[in-house]
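Participant: As a plain string of letters, each chain reads:
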Amino acid sequence: MKRSLMLLPLAVFLLLLVFLFKGLYLDNEDLPSVLIGKPFPAFQLSSVQEGEPDISMEDLKGQPSLVNVWATWCVACRVEHPVLNKLAEQGVVIHGVNYKDDTESARKWLQDLHNPYQLNISDPEGRLGLDLGVYGAPETFLVDAEGVIRYKFIGVIDERVWQSELAPRYQALVDEAQP
Amino acid sequence: MIRRLFLLMAMLAFVPAGLAAIDTYEFDTEEQRARFYQLSGELRCPKCQNQNIADSNSPIANDLRREIFRMLDEGQSNDQIVEFMVMRYGDFVRYKPALTAQTAVLWFAPAVFLLAGFIGLVVMLRRRQRALRSTGDQHLNADEQQRLKSLLEKKSPHD
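From first to last, the protein sequence lines stand for chains Z and A. The first sequence begins at 1288 in the numbering used here and counts up by one. The second sequence begins at 2 in the numbering used here and counts up by one.
So here's chain A without its partners, still in its complex pose (with noise of 0.2 Å):
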C-alpha cells in the first residue's frame, strides 16, 4: 500500500505543470484523452500569445479547453473543432498556420534557406578542388621530400 502510494507520488512528480492544469475532465475514452491534449498543445492562446492553451492559466485558456472537452464529447472531428476556433479567433490560434498564400513564407522559407546554403557549399567545394588541383600538380621536390621525412622522424620518438 505504501509502496504504491510512493510509487503514485513518484508518478505526480513527473506530470508536466501545463498538463497539471487540464486534468479535470474525465474522459470517455483513452483516445478521447489523447486527441484533447494534442488539440490543446496545438492551439495558441490568444491572450498570452505564445503559450499553447494546454500550458496557460489564463481563463480564457481554460474556456477554450473547456469548448474543445465540449466538443470532443458532441464527437466532433479534430478539423472541426480547429475550424471553430479559427472562425472565432483567426488563424492566429493554430500554432501549426494552414498553407495559404499569407503564410507560404513560413513553409517554404526555411527550406529554400536549406537548399540555397547547400547549393552555395557544394558550389564553394567544387571551386576550391579545381583550385587545388590546377596547383596541386607540383609535387615535392627532393629537397624538400628530405626535410619533410627529417621532420617525421624527429618527431616519432616522443610518441
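So that you can see chain Z by itself, here it is in the shape it has in the complex (with noise of 0.2 Å):
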C-alpha cells in the first residue's frame, strides 16, 4: 500500500478534530434571523400608552428606526435601558415592542426610567414576538424607511455594541433615506 494512501484516514481525522473542535466555540446564541430582507410583520396593536391610538405596521414606515423588544421582566433590559435612553437624545429614533409584559409595569418603567420609545408597541401575548422569532429579550430590529428589517441584534446593547454592529447600520439606511 502506499504510504501517502495510509495517511488518508488520518488526514480525514484531523481535519474532522479541526472542525468540531471550531465548533465549540462557536458563538450558537447569534441565531441569524430569515427575517432579514423582510419587511416587519403585519400588526394591529395597542400603545403601551395610555389614551394613544393602535399602532399598525405602516406606522414604522418613513424613517429608519431601531425596534427594540423589551419586557420588565427582562434584567438585561434594564441594564440597556440607560443606553437607549442617550441613544434616543442623540436624535435616534427608537420604537419599543413591550413583549409579554404586564400594560401597568411598563408604563411604571417607562415613567421611572425615561421613554426613549417613540412608539410603544404592547404584545403581552408575544404574537408580534412570534412573527419576529423572538426567542428572549432584549432584541433588537434595524429597520429601513420603508419597513425592510435590514438586522438583528440579539442582547444587550451597550456602547461598543452601538459603536460597531449598530451605528454604522443605522447611518447607512438615515443616508438611504435622505439621498
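Worth flagging that the hints you see were computed from the coordinates, not collected in a lab. Do not rely on the hints blindly, as some may be mistaken.
So the derived label-pair ranges between C-beta atoms look like this [as the list claims (entries may be wrong)]:
#1 Z/Arg1447 <-> A/Glu32: 47 to 55 Å
#2 A/Gln147 <-> Z/Leu1304: 53 to 61 Å
#3 A/Leu122 <-> Z/Leu1313: 31 to 39 Å
#4 Z/His1401 <-> A/Arg71: 31 to 39 Å
#5 A/Tyr96 <-> Z/Pro1340: 41 to 49 Å
#6 Z/Arg1447 <-> A/Arg67: 36 to 44 Å
#7 A/Ala117 <-> Z/Asn1372: 55 to 63 Å
#8 Z/Leu1295 <-> A/Glu84: 38 to 46 Å
C-beta: ideal position from N, C-alpha, C; glycine also.
Using the hints, build the complex out of the two chains.
Facilitator: Structure below.
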C-alpha cells in the first residue's frame, strides 16, 4: 500500500477534529434571523401609553428606526435601558415592543426610567414577538424607511455594540433614506 | 377502586418528564394528539438549543407548543406548521434539517464515511489474503508436523 494512502484516514480525522473543535467555540447564541430583508410583520396592537391610538406596521415606515423588544421581567433590558435613553437623546429613532409584559408595570418602568421610545407597541401575548422570531429579550431590529428589517441584534446594546455593530448600519439607512 | 387508583399512579410514574409539560391540551382526536407529540418532538427550542420544544419548559417553547396546538386545531398540515416555524426561526428549528446545498454534508457525510470505511476494509482484506496466499504455499515439514502433534497430545489430558 502506498504510504500516502495510509495517511489518508489520519488526515481526514485531523480535518474533522479541527472542524469540531471550531464548533466548540461558535457563538450559537446568535441565530441569524430569517427575517432580514423581509418587511416587518404586519400587526395592529395597542400602545403601552394610555389613550394613544393603536399602532400598526405602517407607523414604522417613513424613517429608519431601531425596534427594541423589551420587558420589565427582563433583567438585561434594565442594563440596556440607559443606553437607549442616551441614543434617543442623540436623535436615534427607537420604537419599543413591550413583549409578554404587564402593561401597568411597563408604564411605571417608562415613567421611572425615562422613555426612549417614540412608539410603544404593546405585545402582551407575544404574537408579534412570535412573528418576529423573538426568543428572548432584549432583541433589537434595524428597520429601514420602507419598513424592511435590515439587521437584527440579540442581547444588550451597550456603547461598544452600538459603535461597532449598529451605528454604522443605522447611519447607512439614514443616508439611504435622504439622498 | 383503589386498585384502579394504584394503576393510574403507576402509569403516571412512567410518563416521561418531558411529556408532562404538554399534557394540558385537550385534543379532539387521538390522531391530533399524536401529531402534536410528533411535531413538538421534531422542532427545536430556539432558546435552549439542544432540546426539542416538547422537552423544554422555557417560555418560548411553551408559546410554540401553544402555537402548534392552535394550528392543529385549525386543521393545518404538519408541513404548514413546520413551514410557519421555519419562516420565523429559520432552519435551526428543525431537528431534521431540510435537504439543501448547505445541509448536504450533514445528510450524506455519514454514508460517505461508512462507504469509504467499507471499501478500505475490503481492499485491506484482499491485500492481506493475497499476501497470505503467496507465503501460504509452504506447508509444515515433517519435523514441524511431529512437533505440532506432540504439542496437541500433551495438551489433551488437561481438558
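Participant: Is 36 to 44 Å respected by the C-beta to C-beta distance linking Z/Arg1447 and A/Arg67?
Facilitator: 37 Å, holds
Participant: Using the Cβ atoms, figure out if A/Leu122 sits within 31 to 39 Å of Z/Leu1313.
Facilitator: 34 Å, holds
Participant: Look at the Cβ atoms of Z/His1401 and A/Arg71 and judge whether their distance stays inside 31 to 39 Å.
Facilitator: 37 Å, holds
Participant: Mind checking the hinted window 53 to 61 Å against the Cβ distance between A/Gln147 and Z/Leu1304?
Facilitator: With Cβ atoms ~54 Å apart, the hint holds.
Participant: Measuring from beta carbon to beta carbon, are A/Tyr96 and Z/Pro1340 in 41 to 49 Å?
Facilitator: 43 Å, holds
Participant: Given a hint of 38 to 46 Å, does the C-beta separation of Z/Leu1295 and A/Glu84 actually sit inside it?
Facilitator: With Cβ atoms ~42 Å apart, the hint holds.
Participant: Does the Cβ pair Z/Arg1447, A/Glu32 satisfy 47 to 55 Å?
Facilitator: Taking Cβ atoms as reference, Z/Arg1447 and A/Glu32 lie about 53 Å apart, which means the hint holds.
Participant: Quick check on a hinted range of 55 to 63 Å for A/Ala117 and Z/Asn1372, using CB atoms only.
Facilitator: At 59 Å between Cβs, range holds.
Of the numbered hints listed earlier, not one is contradicted by the structure.
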